[in-house]
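> All chains should be modelled from the sequences, with the hints used to inform the complete structure.
Chains as they are written, first to last, in numbering that gives the first Met the number 0: chain A, 0 to 472; chain B, 0 to 320; chain C, 0 to 315.
Derived from the structure by calculation, the hints contain no laboratory data.
There may be inaccurate statements among the hints.
[To be verified] For lysine-lysine, the following DSS-like pairs were computed, each having C-alpha atoms within a straight-line distance of at most 25 Å:
1. A/K250 with A/K461
2. A/K165 with A/K147
3. A/K86 with A/K158
4. A/K249 with A/K424
5. A/K266 with A/K461
6. B/K101 with A/K313
7. A/K461 with A/K147
8. A/K75 with B/K101
9. A/K158 with A/K395
10. A/K68 with A/K57
11. A/K187 with A/K197
12. A/K342 with B/K173
13. A/K461 with A/K165
14. A/K96 with B/K173
15. A/K249 with A/K208
16. A/K250 with C/K66
17. A/K424 with A/K250
18. A/K186 with A/K315
19. A/K165 with A/K186
20. B/K101 with A/K315
21. A/K197 with A/K266
22. A/K342 with C/K66
23. A/K96 with A/K249
24. A/K165 with A/K50
25. A/K461 with C/K164
26. A/K197 with A/K208
27. C/K66 with A/K249
28. B/K173 with A/K68
29. A/K208 with A/K187
30. C/K66 with B/K173
31. A/K207 with A/K187
32. A/K313 with A/K75
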Amino acid sequence: MDRRARRGVRAPFQKGNHPMRSRLLATLLAAAVGVTAAGCGGDDSGAKDDKPLGAGTKVSITVGCMPAKSQPAQRKEWEEDVAAFQKLHPNITVVGKDAFPCMDPNTFQAKLAGGQVEDVYYVYFTDVRGIIANGQAADITPYLGAAKQYPNLDPNVEKVFKDGDKVYGLPRQNYAMGLFYNRALFKKAGLNPDAPPKTWAEVRDAAKKISALGGGTVGYADMSAKNQGGWHFTTEIFSQGGEMVSADGKKSAFNSPQGKAVLQTLKDMRWTDNSMGSKQLLVDADIQRMMAAGKLGMYLGAPDNATALVDQFKAKYDDFGMAPIPGSTGTLMGGDGWLFSPKASPEKIKAGLMWLDFYGITPGQGQLNYARAKANGRPVGLPQPKLFGPNAVGAKDRELRAASANLPVGNFKPYEDAYNTVPGKLEPPQAQQLYAVLDSVMSAVLTRQDADIDRLLADAQKKADAALARSGS
Amino acid sequence: MTTNVTPAAPPVVPVPSRRHRRAARRRAAAPETRTLVSRHALGTTRGKIVYWLVLAFVLVTSTFVFVFPLYWMVTGAMRSPNELAQVPPDLLPRHFDLSGYKEAWRQLDLGLYLRNTAIYAGGAWLFTLGVDVTAAYALSKLRPVLGRAILGLMLATLMIPPMVIILPAYLTVKDLPLLHVSLLNTPWAIWLPAAANAFNIFLLKRFFDSIPTELLEAAEMDGASPLRVLWSVVLPVSRPILGVVSIFTVVNVWRDFVWPLLVQSDPQKRTVSTAISSLAVQVPENVLIASLVIASLPTIVVFFVFQRHIMAGLTAGGLKG
Amino acid sequence: MTTLRPAARPAGRRTGRPAGRRTGRTRFRRAAQRNLTAYGFLCGALICFAFFSWYPMVREVLLSFQKTNFVGAARWVGFDNFRTVLADPVFTDAWANTAMFTLLALLIGYVVPFCAAIVLNELRHARGYLRFVVYLPVMLPPAAAVLLFKWFYDPGPGLFNQVLKAVRLPTLAWLDSTDTSLLSLVIVSTWMNLGSGTLIYLAALQTIPGELYEAAELDGAGLLRRIRHITIPQTRLILLVMLLLQIIATMQVFIEPYLLTGGGPEDSTVTVAYLMYQYAFNFNNFGGGGALGLMLMLVLMVFSAIYLRVSREDAR
Chain A
0 MDRRARRGVR APFQKGNHPM RSRLLATLLA AAVGVTAAGC GGDDSGAKDD
50 KPLGAGTKVS ITVGCMPAKS QPAQRKEWEE DVAAFQKLHP NITVVGKDAF
100 PCMDPNTFQA KLAGGQVEDV YYVYFTDVRG IIANGQAADI TPYLGAAKQY
150 PNLDPNVEKV FKDGDKVYGL PRQNYAMGLF YNRALFKKAG LNPDAPPKTW
200 AEVRDAAKKI SALGGGTVGY ADMSAKNQGG WHFTTEIFSQ GGEMVSADGK
250 KSAFNSPQGK AVLQTLKDMR WTDNSMGSKQ LLVDADIQRM MAAGKLGMYL
300 GAPDNATALV DQFKAKYDDF GMAPIPGSTG TLMGGDGWLF SPKASPEKIK
350 AGLMWLDFYG ITPGQGQLNY ARAKANGRPV GLPQPKLFGP NAVGAKDREL
400 RAASANLPVG NFKPYEDAYN TVPGKLEPPQ AQQLYAVLDS VMSAVLTRQD
450 ADIDRLLADA QKKADAALAR SGS
Chain B
0 MTTNVTPAAP PVVPVPSRRH RRAARRRAAA PETRTLVSRH ALGTTRGKIV
50 YWLVLAFVLV TSTFVFVFPL YWMVTGAMRS PNELAQVPPD LLPRHFDLSG
100 YKEAWRQLDL GLYLRNTAIY AGGAWLFTLG VDVTAAYALS KLRPVLGRAI
150 LGLMLATLMI PPMVIILPAY LTVKDLPLLH VSLLNTPWAI WLPAAANAFN
200 IFLLKRFFDS IPTELLEAAE MDGASPLRVL WSVVLPVSRP ILGVVSIFTV
250 VNVWRDFVWP LLVQSDPQKR TVSTAISSLA VQVPENVLIA SLVIASLPTI
300 VVFFVFQRHI MAGLTAGGLK G
Chain C
0 MTTLRPAARP AGRRTGRPAG RRTGRTRFRR AAQRNLTAYG FLCGALICFA
50 FFSWYPMVRE VLLSFQKTNF VGAARWVGFD NFRTVLADPV FTDAWANTAM
100 FTLLALLIGY VVPFCAAIVL NELRHARGYL RFVVYLPVML PPAAAVLLFK
150 WFYDPGPGLF NQVLKAVRLP TLAWLDSTDT SLLSLVIVST WMNLGSGTLI
200 YLAALQTIPG ELYEAAELDG AGLLRRIRHI TIPQTRLILL VMLLLQIIAT
250 MQVFIEPYLL TGGGPEDSTV TVAYLMYQYA FNFNNFGGGG ALGLMLMLVL
300 MVFSAIYLRV SREDAR
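Rendered as structure tokens:
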């Protein structure tokens, strides 16, 4: 071996083995990152600031949830909107950050903890409360004057982004959960697709008939993993008239007759009727995939699920319809919106509010420009979002939407008609922790025939109370 | 499970003193060497029958267990969602339909993620070699003051599996101490930690230790600087171990999941593994499966090409994924 | 980094250690120079280790005694984080699941590769093919392998239940039952990692001198006795090393529950590493995650310490 040693040096290792090179790179790295480090600074003044953003103040903001390249029509509309907005306000630059989906729950907290959020960042309603409590969002109350349409928002939606009197963000989309169903399967099973089930008893009945079609068809599906089981449990307990937590938010309240009714219904459907399929630990995408493949009759969801079914899973709008939540006693209000980075300066916050006002909550503009969406061949007519209160602006929004509707709107009529009569409730505090606890309850009922509902709820209550108590300290 | 290379078997080091052992191994590798069952026993009729039965059993089982799932994956991507839901499924897909693959490539933007991963792996490779080879050489041949202590501290990191310190490591990358910069969503977040690999240094150092000092001294006598000695004497002899370190560095970065999941949270910066895990749920099932195939291809190809090196490296270092 | 070297002297060449005959001063200068060069060579590694290995270890300890939201300064909270995770009912489940996972993974993933290696070592045909095939799954990115198995585990049209049906066996709920969920995780994990163990054992088996078997056979030892008295003792060290490595690797199990079950059903697949991740990234409680990480670190360090001892012995 020793003699062979002298022979040629091989190319592939040249760069890597060059110690000078690597150390040079390290130095360059240190220098380069040192320069970028200077860019961040915080400002935390609590005083009111109603002054409009000066036209001479140059501001650049980064905004989350720009439509991804895989959604060309939405992307084009966003770019048009940004151009129009920047023309109105030449001093503001809007830099969109695209992602699909807008929020990946798996990495969101990492992004948040890592301080990687945009100046105006996208969130689910679910996380808003925790983020505010953690001080990870900026208080925008002093600057709200920059969003002219803000006072027209539905107070129920506004509430999501409020902590006491302080306001932290604006909504993008909102919805009330309802019963999403497969009209095609309803017909096949001899059910009337125009008369969807109104109560849980009727849901159970319909599910039985649909699953009787065989071939792996599932009547009703529910989630039980990745905190989504807890999310659906919450929706279902609201539908039974129950509550998740006590009025002061310090104790859990789901170990109640209503909570038991939720689980008993699921248990009966899963094991007595065998109408919920054998595959469990589902998450939303699994359920949507089943729905789009024509293998699922019903689930609880929001109107925009139709878009996902069509865009991602290649289904047809005509096949789906929506009814109000079974029982119609209450439902979960969900949605998404934007918060502001705790590091954002007052100027950035003002500019961000102006942009959101322009893009998000002014009828006929931005995301609410239905005529343009229709012209671009995008679906219009889903009863979502429902951002405004019962006022003139809200009426105008509904009018514009109806005028451009190109979907089988009638399929969503039962849901829309009931929208204002079903009380909407917000997600509980410590939502993710409670959901994690209830995931385990949901999965127990759906995977174990001998699951003892009383015990499951009692155990879950203990865990949830502990989680709520921890957050209080 | 975080992928990491950890020492298992003693490295195969070409040291003269071990010559007889290597020779023994070479003998053992030849088919005529005596193993558990004697040739005589295999020669009998009964032995022959048993041998062929065992061989057939092993061939069928291992093909079924290891190859069939991959076959099912490759063909699954060719089935329509409806066909995938069919019970019982057919052994062959109804059509030879590659649209699932095309769709996966297009819809999930896999080209971008493969490129990202290649950049991470390539950079990690350069850094690992640059940093670890010089370090190992210094510790092995230059033997500075405190060298043993440094080596000990480095080897001590082998006792702490990467998963355990993933939170503090993440926080460190998020806000680098002293410099106060964030490496998140930059390739550095993968390149630099990859170079902090004690096992590579350990392997390299042991290899360098086995290079006779006379060889280096001869070069030094000729007036070569330490860098020159490393470059033109040590490295050419060390090609086998450099190959092992290279392949495993690249493959480990390619296979890693948790670390890139955390440090490359920007959807544009994901690796192919983290991208499929978060995006694939949003597409029809055949597209999901197609994305799995595409994500697996590069490492499988590497395996085809470098099979012998990988196997040799495995027995040299012991790879535990 | 150009180090000027004194011209070589014939004397030096003869003694082999030229420094030995130098005056003290030259020797000192040479040593200083050598050290300087060495640290120049080492600095890249030192920086990388300091930032990404050594400091995080220290930070792990600090983290577990702090509460932080990363916006303001961290607060010292004493043992609060430990109290929090200890009071969490999932905490004991997570440790029990991790221990069970490790045990099952050992039962399958430890015994099977060794037996496979013994058999493969006896075969005279298709050796290359078998080695290739066994190692193939190791080369898949784990995320891809795990997602692949998620599809196989589907209790309806999934591959496994279809195969079971085809051979007239009762089907299983796989991930969807507390009885089989953990086992399902072990199966994927074993499938992915079996190859490396097998090949390492195979290499070890080939170092056993044939004469030993010869002698044993002359003494009338049967097949099983030869395995017990020769094969196993001869590979004792590598077996021990692999045992420890596998314990360390499997106790960190994360990707399987993360991608397959999300810890369900009924927390039956929540592992310590997964819980740690949940605390940090779902519940936004890095302190709690840090406390869990520290506990796992201490447990694993015990095994690592044994391992390092053993492997050092092995190296001799």
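> All hints, please: hold or fail.
Structure-based check of each hint:
| no. | hint | result |
| --- | --- | --- |
| 1 | A/K250 with A/K461 | holds, 10 Å |
| 2 | A/K165 with A/K147 | holds, 17 Å |
| 3 | A/K86 with A/K158 | violated, 32 Å |
| 4 | A/K249 with A/K424 | holds, 17 Å |
| 5 | A/K266 with A/K461 | holds, 22 Å |
| 6 | B/K101 with A/K313 | holds, 15 Å |
| 7 | A/K461 with A/K147 | violated, 45 Å |
| 8 | A/K75 with B/K101 | holds, 24 Å |
| 9 | A/K158 with A/K395 | holds, 22 Å |
| 10 | A/K68 with A/K57 | violated, 28 Å |
| 11 | A/K187 with A/K197 | holds, 20 Å |
| 12 | A/K342 with B/K173 | holds, 16 Å |
| 13 | A/K461 with A/K165 | violated, 32 Å |
| 14 | A/K96 with B/K173 | holds, 20 Å |
| 15 | A/K249 with A/K208 | violated, 42 Å |
| 16 | A/K250 with C/K66 | holds, 23 Å |
| 17 | A/K424 with A/K250 | holds, 17 Å |
| 18 | A/K186 with A/K315 | holds, 15 Å |
| 19 | A/K165 with A/K186 | violated, 50 Å |
| 20 | B/K101 with A/K315 | holds, 22 Å |
| 21 | A/K197 with A/K266 | holds, 19 Å |
| 22 | A/K342 with C/K66 | holds, 20 Å |
| 23 | A/K96 with A/K249 | violated, 37 Å |
| 24 | A/K165 with A/K50 | holds, 18 Å |
| 25 | A/K461 with C/K164 | violated, 42 Å |
| 26 | A/K197 with A/K208 | holds, 16 Å |
| 27 | C/K66 with A/K249 | holds, 21 Å |
| 28 | B/K173 with A/K68 | violated, 28 Å |
| 29 | A/K208 with A/K187 | holds, 10 Å |
| 30 | C/K66 with B/K173 | holds, 17 Å |
| 31 | A/K207 with A/K187 | holds, 13 Å |
| 32 | A/K313 with A/K75 | holds, 22 Å |
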